[in-house]
Structures are given as structure tokens and as C-alpha cells.
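Chemist: Just so you know, the sequences run in chain order A and B. Each residue of the first sequence is one higher than the one before, counting from 115 in the working numbering. Each residue of the second sequence is one higher than the one before, counting from 14 in the working numbering.
Watch out, some of these pointers could steer you wrong.
Stated by the list, open to error - Simulated crosslink set (SDA-like; lysine to any residue; CA at most 25 Å straight-line):
(1) A:LYS340 - B:LEU51
(2) A:LYS221 - A:LEU210
(3) A:LYS221 - B:TRP15
(4) A:LYS342 - B:LEU42
(5) A:LYS340 - B:ILE36
(6) A:LYS340 - A:ARG251
(7) A:LYS221 - B:ARG50
(8) A:LYS342 - B:GLN39
Said to hold, decoys possible - Facing chain B, according to a computed beta carbon distance under 7 Å, are these residues of chain A, among others:
(9) ILE161
(10) ILE218
(11) CYS332
Unchecked claim - Listing some non-contacts, in silico: residues in chain A with all C-beta distances to chain B over 12 Å:
(12) LEU122
(13) LEU138
(14) ALA141
(15) PHE173
(16) VAL185
(17) VAL214
(18) ASP231
(19) ILE269
(20) ASN303
(21) MET305
(22) ALA313
(23) ARG326
None of these hints come from the bench; they were simulated from the model. Note that the Cβ used here is the ideal one computed from N, Cα and C, for glycine as well.
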Amino acid sequence: MKRQNNNLLVGMTALSAAMVLVALYLALVGAPEAALSSETGRYAQRIIYFHIATAWVGFLAFFVTFIGGVVYLRTQRRAWDILALSSAEIGTVFMLGVLVSGSIWAKPAWGVWWVWDERLTISLIQFLIYVGYLMLRASVEDPSRRARFAAVYGIVAFISVPINFIAIRLWRTQHPLMFGTEGGGLSDNMMFAFFFCLATFTVWYATLMWHRMRLERCRDDVEQVKQKLLD
Amino acid sequence: MWYMVAAYAVLWAISFGLVFSMILRQRRLDAELQALRLLVEDEPRAGSRQ
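Let's have the full structure, built from the sequences with the hints guiding it.
Modeler: Okay, here's the thing in C-alpha cells:
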């Protein structure tokens, strides 16, 4: 069973790598150019394929942390705590990617690296909230208290996800609205590349989660052996 | 073009940073596990010598 799981993980990792290569090709070459006057703008527009996919994974990861927290509080099973922790860590890293890639896109599009508008500020706060989640976990010694505190924190922190998502609809922000009632910012030809990137990042997130959860279970095993030796 | 290359480079650097940190932690755990294994194997020998 363990060997079968290992083969599946290797297969999933290979699939992720292959999908990432295709997504890169589509985002950089395959997708049609945006109808923008400047060459810099047309190149910069290609950033959004990975920028939005990264944000999607960040939101998905925080949702999984939320679910992990809720189920942990109900069942007290360590597996759900591991799920929540792994997802929060991956989500935080991806949110950092969103902030940096968004900032690089902003320079040619808006002429500045950063503006304190609602969407960007909420994204930064959200990133810091989840850095706080990881710091909280690192600061509590007792495993069951740590898991309980983190579960509650992860549930409350999830409020930042819907707020971030609707920020561009609630306020008049500089951030472009990709999908809305007035139509999206992408043509039909760009949609395929866009959705392929979303699918790729979702598969990649699942692969990273598997690896990260495996690492945490391994750490638990080491801790158990240590405890046995001390007893 | 520079901005596009920079954005993709940063995204990949961050992603590989995450993967690399996981590999590093796995190696540290493997080393710790190996040390514990040696400790467990040595314990009965130390006990029989007494």
C-alpha cells in the first residue's frame, strides 16, 4: 500500500512538472497578445496567467486550512491539523508570489510598484495574517494547545479570503476586474491558457500538499521514537 | 519583456524556495531518524555489557 502511494506521488509530481511546462508555454508563447499599444504592456499582460493562478491557489489553500481547523476542533484528530498547517504554509508562500508578481505587473501598467488601494492592502494584510498563523504555531510548545489555537486562528483568518475576493467589486480600486457582470478582461482565445494555468496550479498545489503532509507525518514519527527513548 | 521575465523568475524562485526548504527539512529528519536508529541499536549492547 505504501509502495503504491509512493508510486502515485511520483506520478503526480511528474504530472505537475509536465503541466507546468505546458502552462509556461501557453502563458509566454501560446496565448494571443493583448490588444495593447505598448510592447511593454503586451509582455506584462502575460504575467496575469500565473498571477491569478497563484492567487487562486492561495485562496484555495486558506479554504483548506479553514476546513482543517473546523474538522480538527470537532474530531481532535492530528491528521486534520497536519492538513491545516500544510495548506497554510503553501498558501502563505503562494500569497507572497501574488504580491510580488502583482507588484511587477503594476510597474509597467500603473507606473508604480505599489499603491495603497483596497485590493493590494487587503492582500498584504492577508499575507501577514497567515504569517501570524505560522508564527503562532511556532510559539506554542504543547502540541494539542498548538493545534487548537491554530485551528481557531485559521477559521477566523479565513474571513480575509472573501473580503479580498469581493474587494474589487465593493470598492473602486485600481486593480482590474477579470471576471464580472460587465464581461471579463480576457478574450475567448486567452481563456484556454488561463484555465489551463488554473488547472496546473491546482494539481501542483495538491502535489505540494501531499509532500508537505508526508513531511509532517515523518516529523511526528521521529517525535514518537524520541519520546519512547526518553520514557 | 523585462517585467514579464522578472515576474516569472520571482514566482519560480519562491516556488523552488518552498520545495528546497521541504527537501532540507526531510533531510534533517532523515539524519535525526538515522541517529535515533543507531541509539536504539546501541542500547541493548550497552545493556548486555553491564
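Chemist: Would you mind marking each hint as holding or not holding in the structure?
Modeler: Evaluation of the provided hints:
Using a Cα cut-off of 25 Å, the hinted pair LYS340 (chain A) and LEU51 (chain B) holds, with the two alpha carbons roughly 12 Å apart. Distance hint between LYS221 (chain A) and LEU210 (chain A) is fulfilled; the C-alpha atoms sit about 17 Å from each other, no more than 25 Å. For the hint linking LYS221 (chain A) to TRP15 (chain B), the alpha-carbon distance of about 11 Å falls within 25 Å, and the restraint holds. About 17 Å separates the Cα atoms of LYS342 (chain A) and LEU42 (chain B), which keeps this hinted pair within 25 Å; it holds.
Annotation: proposed proximity of LYS340 (chain A) to ILE36 (chain B) holds, straight-line Cα distance about 22 Å (limit 25 Å). A threshold of 25 Å between alpha carbons decides the hint, and for LYS340 (chain A) with ARG251 (chain A) the separation of about 21 Å falls inside it, so the pair holds. Simply put, LYS221 (chain A) and ARG50 (chain B) have alpha-carbon atoms about 54 Å apart, too far for the 25 Å limit, and the pair is violated. In summary, the hint linking LYS342 (chain A) to GLN39 (chain B) is supported, as the alpha carbons are separated by about 21 Å, within the 25 Å threshold.
At its closest, the beta carbon of ILE161 (chain A) sits 4 Å from a beta carbon of chain B; the interface hint therefore holds under the 7 Å criterion. Interface hint at ILE218 (chain A): satisfied, since its Cβ lies 4 Å from the closest Cβ of chain B, which is below the 7 Å cut-off. Satisfaction of the interface hint for CYS332 (chain A) is found here, the shortest Cβ-Cβ separation to chain B being roughly 5 Å, below the 7 Å cut-off. Chain B leaves LEU122 (chain A) outside its interface by the beta-carbon criterion, the shortest separation being 18 Å against a cut-off of 12 Å.
Consistency note on LEU138 (chain A): stated as away from chain B, yet its beta-carbon is not over 12 Å from all of that chain's, at 8 Å minimum. For ALA141 (chain A), the condition that its CB be more than 12 Å from all CB atoms of chain B is violated, with the nearest at approximately 8 Å. In this structure PHE173 (chain A) is separated from chain B by more than 12 Å, as the shortest Cβ-Cβ distance comes to about 16 Å. The Cβ of VAL185 (chain A) sits about 24 Å from the closest Cβ of chain B, beyond the 12 Å cut-off, so the non-interface label holds.
With a least CB separation of 5 Å from chain B, VAL214 (chain A) falls inside the 12 Å interface cut-off, contrary to its annotation. Distance check on ASP231 (chain A): its Cβ is at least 19 Å (rounded) from any Cβ of chain B, clearing the 12 Å threshold; non-interface status holds. For ILE269 (chain A), the non-interface assignment is confirmed: its Cβ lies about 24 Å from the closest Cβ of chain B, beyond the 12 Å cut-off. Remark: the non-interface label on ASN303 (chain A) is consistent with the geometry, its nearest Cβ contact in chain B lying 19 Å away (cut-off 12 Å).
For MET305 (chain A), the shortest C-beta to C-beta distance to chain B comes to about 20 Å, beyond the 12 Å cut-off, and the non-interface label holds. Even its closest Cβ contact with chain B, about 17 Å, leaves ALA313 (chain A) beyond 12 Å, as expected for a residue assigned away from the interface. Residue-level check failed: ARG326 (chain A) sits 6 Å from the nearest beta carbon of chain B, not beyond 12 Å.
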